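Add chain B to chain A, keeping to what the hints say.
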Amino acid sequence: MDVFDSLPEPIAKAWERSLTGGKAALSRRRLLAATGAAAGGAALAACGIPASDDGKKKGESKDPDYSKKEKELIFSNWTLYIDVDDKDENKRPTLDRFQKESGIKVKYNEDVNDNVEFFGKIRPQLEAGQSTGRDIICFSDFMAGRLIRHGWAQRLDPKNMPNVVTNMEPRFRNAAHDPGRQYTVPWAGLATVVAYNKKATKGRKVTSVEQLLTDESLKGKAAMLTEMQDTVGMTLLDMGKDCTKFTEDEFDAAVARIQKAVDNKQLRRFTGNDYVEELDKGDIAACLAWAGDVVQMQFENPDIEFVIPQKGYLYATDDLLVPAKARHKANAEALMDFYYDPKNAAELAAWVNYICPVAGAKEELAKIDKELAADPLIIPDEKMIKAGRVFMELDDDAETTYEDKFSKVIGA
Amino acid sequence: MTALAPPPPAAPEADAPPPPPPGGRRKLTPYWLLLPAILWLLVFFAVPMFFQASTSVQSGSSGEGYELTWHWANYTDAMSEYAEHFGRSIMYAAAATLLCLVIGYPLAYMIAFRAGRWRNVLLVMVIAPFFTSFLIRTLAWKHILSDGGPLVGALDALHLLDVTATLGMTEDDRLLATPLAVICGLTYNFLPFMILPLYSSLERINPALHEAAQDLYAKPATVFRKVTFPLSLPGVVAGTLLTFIPASGDYINAKLLGSPGEQMIGNAIQRQFLNVRDYPTAAAMSFLLMAAILIIVTVYIRRAGTEELV
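Chains as they are written, first to last, in our numbering: chain A, 1152 to 1563; chain B, 112 to 421.
Note that these hints are calculated values from the structure, not bench results. Small disclaimer: the values here were computed from a predicted structure and weren't measured. Built from N, CA and C at the ideal position, the CB exists for glycine as well. Treat the hints with care, as some may be off.
Examples of chain A residues lying across from chain B (beta carbon under 8 angstroms, computed) [said to hold, decoys possible]:
| hint | residue |
| --- | --- |
| 1 | Ala1327 |
| 2 | Phe1421 |
| 3 | Asn1424 |
| 4 | Glu1429 |
| 5 | Leu1545 |
| 6 | Asp1548 |
FRET-style restraints, in silico, Cβ to Cβ [unchecked claim]:
| hint | chain 1 | residue 1 | chain 2 | residue 2 | range |
| --- | --- | --- | --- | --- | --- |
| 7 | A | Thr1398 | B | Leu209 | 48 to 54 angstroms |
| 8 | B | Thr180 | A | Lys1310 | 34 to 40 angstroms |
| 9 | B | Trp181 | A | Thr1398 | 32 to 38 angstroms |
| 10 | A | Gly1280 | B | Gly264 | 20 to 26 angstroms |
| 11 | B | Leu144 | A | Gly1284 | 31 to 37 angstroms |
| 12 | A | Glu1428 | B | Gly264 | 15 to 21 angstroms |
| 13 | A | Gly1284 | B | Pro318 | 57 to 63 angstroms |
| 14 | B | Met221 | A | Glu1278 | 51 to 57 angstroms |
| 15 | B | Ala251 | A | Gly1280 | 53 to 59 angstroms |
| 16 | A | Gly1280 | B | Ser191 | 15 to 21 angstroms |
| 17 | B | Met221 | A | Asn1241 | 44 to 50 angstroms |
| 18 | A | Phe1450 | B | Asp284 | 27 to 33 angstroms |
| 19 | A | Asn1241 | B | Ile214 | 39 to 45 angstroms |
| 20 | A | Asp1239 | B | Ser191 | 23 to 29 angstroms |
Next comes chain A alone, as it looks inside the complex (with noise of 0.2 angstroms):
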């Protein structure tokens, strides 16, 4: 594997183990898997919409890289997801200090601003084999697996990224839909706990997902998430499942669980982001809530409080990755690294205030804002990195199954 020759020796050997033995090693499951959907989507794809595994052979074509020649960079993003400066909200320090060291021009978009619908709107051009005009583009994990099982991410060169080698968490490098981290890298990661109003709740703690569902003192108060990873993992946490491993059984209880407190009205609402107002002024005391979020709304109002549930908490990270067709996958490479460098890292993280994926940050956070560094929902301490699960990765049919269920608790 000649990719590693240039990393220092443990780092390579750790990284090979990884790929060759761990879950990244190709079992012959998965390509049996891989092949059959293969032969058989290619007969669908003659009509109507093309198979999820379609993909799977073409994606590993080497699509041809311009950044040599061409040293520019389009960069989609969630918005006010990168550090801006304080007095000019078009300075993007760390994104400005990158295009003057590397030379190369980027052109930032905010333009994702929901999972599914991003994907919706790029999926005709992957499918089609053409650019979608973008070389780096954050999604959150399970959407980023969607892209990868389609053969519609390119695989990342370790060479280009020693930053990323050597700084990435360890507890990051072998997720569930990237195994070995070959095609993304964690541009920040999340944490779904529980967060309340102590002014709306009377003082009352909230402690656990058990009493959002069925503490009546919260009845028509609570409220959970439209993202049935988050809303369904959680509950399932409570209930002393795994959900990192579940069953469709399992998955149906928890459902029915949800139901139960929609049904009588315990349950308010199911929020995108916008329970963050609601949360503000207490017309919602109570609910799941992204942690990022919440470091931020305490900025402002000191009566909002989280909880990580004694049963466990839910963490995905958003990852960065280059579609099929990218043209400028080297630069791409590199602004990856660049923030993989502690110090940057650091100033993102001291900005956006979500989870950061790199080794080193804190000490250089600390340098910053002291608070921020000690903030187990920024720097995750040894006891929250215990607490936290991913969600189960499922394959597209399974994820049409569980989404409609779903679906219709939240009465959608």
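Quick look at chain B alone, frame taken from chain A:
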């Protein structure tokens, strides 16, 4: 809206003599003028509709892919599974349309006949909310209807919330996440679509007709009933259609202002299409919604008996 926009009554082939006489370039002019609209309709309506129709009779799964199998059961499945959503959407849209008419008619009347030199200012004020995005306007309602807000406080003090709760429109002394909130949101968001056509047809009524009616000893109420209202009917029909049709397909209001019990068919279609990725069912649902709207609108226009829409 599509039902509202039949292509302009162009001279169809039947009228035109088949071989254009030499030097008859002028005969082609109407077609050239129509070309942009026809291309627009073709690319953004006819072609997508064709693919949508084909998708709606496919079967398969998101993992295996979907294939055209003329699977008509998608329609019956969608119908039986989402009957509640269809019914709810039409009820909410109808309620919002009625509210828009009740609120919009007096306002349009006032602007048309009594506003004097304030007329243009008032019209701009009707349209002004459209300068912000639909989403922002809907989010603003969360603040207005907030549980601890002054509006809920006042309604509660007047015991009006008890009345709406008995009617099943609100719940637990709150407005947000109730049917009433969704209907209010729809009403607010589509109100200008009602006011503007009403205004344009009221404004065309010659005030001399009112004077003539009064000269014939008609009371003001009779003048309104016998003269003004019948003459404004085209505006009423256009306004109700422009409100009802988009409102019945709306999903933002139910999503932001409703609880799981208030989700409309738009929410279900969005979820099926983006999250569940059951494209055939989603396509079938969309067609059913279009069919339902088309039937309702046809019956309504027949009953209202107006040829002229605006």
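Checked hints:
1. Interface restraint check: Ala1327(A) against chain B, minimum CB-CB distance 17 angstroms, threshold 8 angstroms, status violated.
2. The interface hint given for Phe1421(A) is met, as the beta carbon of that residue sits about 6 angstroms from the closest beta carbon of chain B, less than 8 angstroms.
3. Taking 8 angstroms as the C-beta contact cut-off toward chain B, the hint placing Asn1424(A) at the interface is violated, the least distance being around 11 angstroms.
4. A cut of 8 angstroms between beta carbons decides the hint on Glu1429(A): the least distance to chain B is about 7 angstroms, and the hint holds.
5. The restraint placing Leu1545(A) at the interface with chain B is violated, with a minimum CB-CB distance near 10 angstroms, outside the 8 angstroms limit.
6. Taken as an interface hint, Asp1548(A) checks out: its beta carbon lies about 4 angstroms from the nearest beta carbon of chain B, inside 8 angstroms.
7. For the hinted restraint 48 to 54 angstroms between Thr1398(A) and Leu209(B), the CB-CB distance of approximately 49 angstroms keeps it satisfied.
8. Distance hint check for Thr180(B) and Lys1310(A): the Cβ-Cβ separation is about 48 angstroms, which falls outside the suggested range of 34 to 40 angstroms.
9. Separation of Trp181(B) from Thr1398(A) is about 35 angstroms and conforms to the stated range, judged on CB atoms against 32 to 38 angstroms.
10. Distance hint check for Gly1280(A) and Gly264(B): the Cβ-Cβ separation is about 59 angstroms, which falls outside the suggested range of 20 to 26 angstroms.
11. In this structure the hint that Leu144(B) and Gly1284(A) lie 31 to 37 angstroms apart at CB holds, the actual value being about 35 angstroms.
12. Here the CB-CB span from Glu1428(A) to Gly264(B) is close to 19 angstroms, well matched to the stated 15 to 21 angstroms.
13. Taking 57 to 63 angstroms as the suggested C-beta distance range, the pair Gly1284(A) and Pro318(B) conforms, at roughly 58 angstroms.
14. Distance hint for Met221(B) and Glu1278(A): a CB-CB separation of about 54 angstroms, consistent with the stated range 51 to 57 angstroms.
15. A hinted range of 53 to 59 angstroms is violated for the C-beta pair Ala251(B) and Gly1280(A), which are about 44 angstroms apart.
16. The hinted range of 15 to 21 angstroms is not satisfied by Gly1280(A) and Ser191(B), whose Cβ atoms lie roughly 39 angstroms apart.
17. Against the hinted window of 44 to 50 angstroms, the Cβ-Cβ separation of Met221(B) and Asn1241(A) comes to about 45 angstroms, which satisfies the hint.
18. For Phe1450(A) and Asp284(B), the hinted distance range of 27 to 33 angstroms is satisfied, since their beta carbons lie about 31 angstroms from each other.
19. Restraint check, Asn1241(A) to Ile214(B): a C-beta distance of roughly 42 angstroms satisfies the suggested window 39 to 45 angstroms.
20. For the pair Asp1239(A) and Ser191(B), the beta carbons lie near 57 angstroms from each other, so the given range of 23 to 29 angstroms is not met.
Hint violations for this structure: numbers 1, 3, 5, 8, 10, 15, 16 and 20, all remaining hints satisfied.
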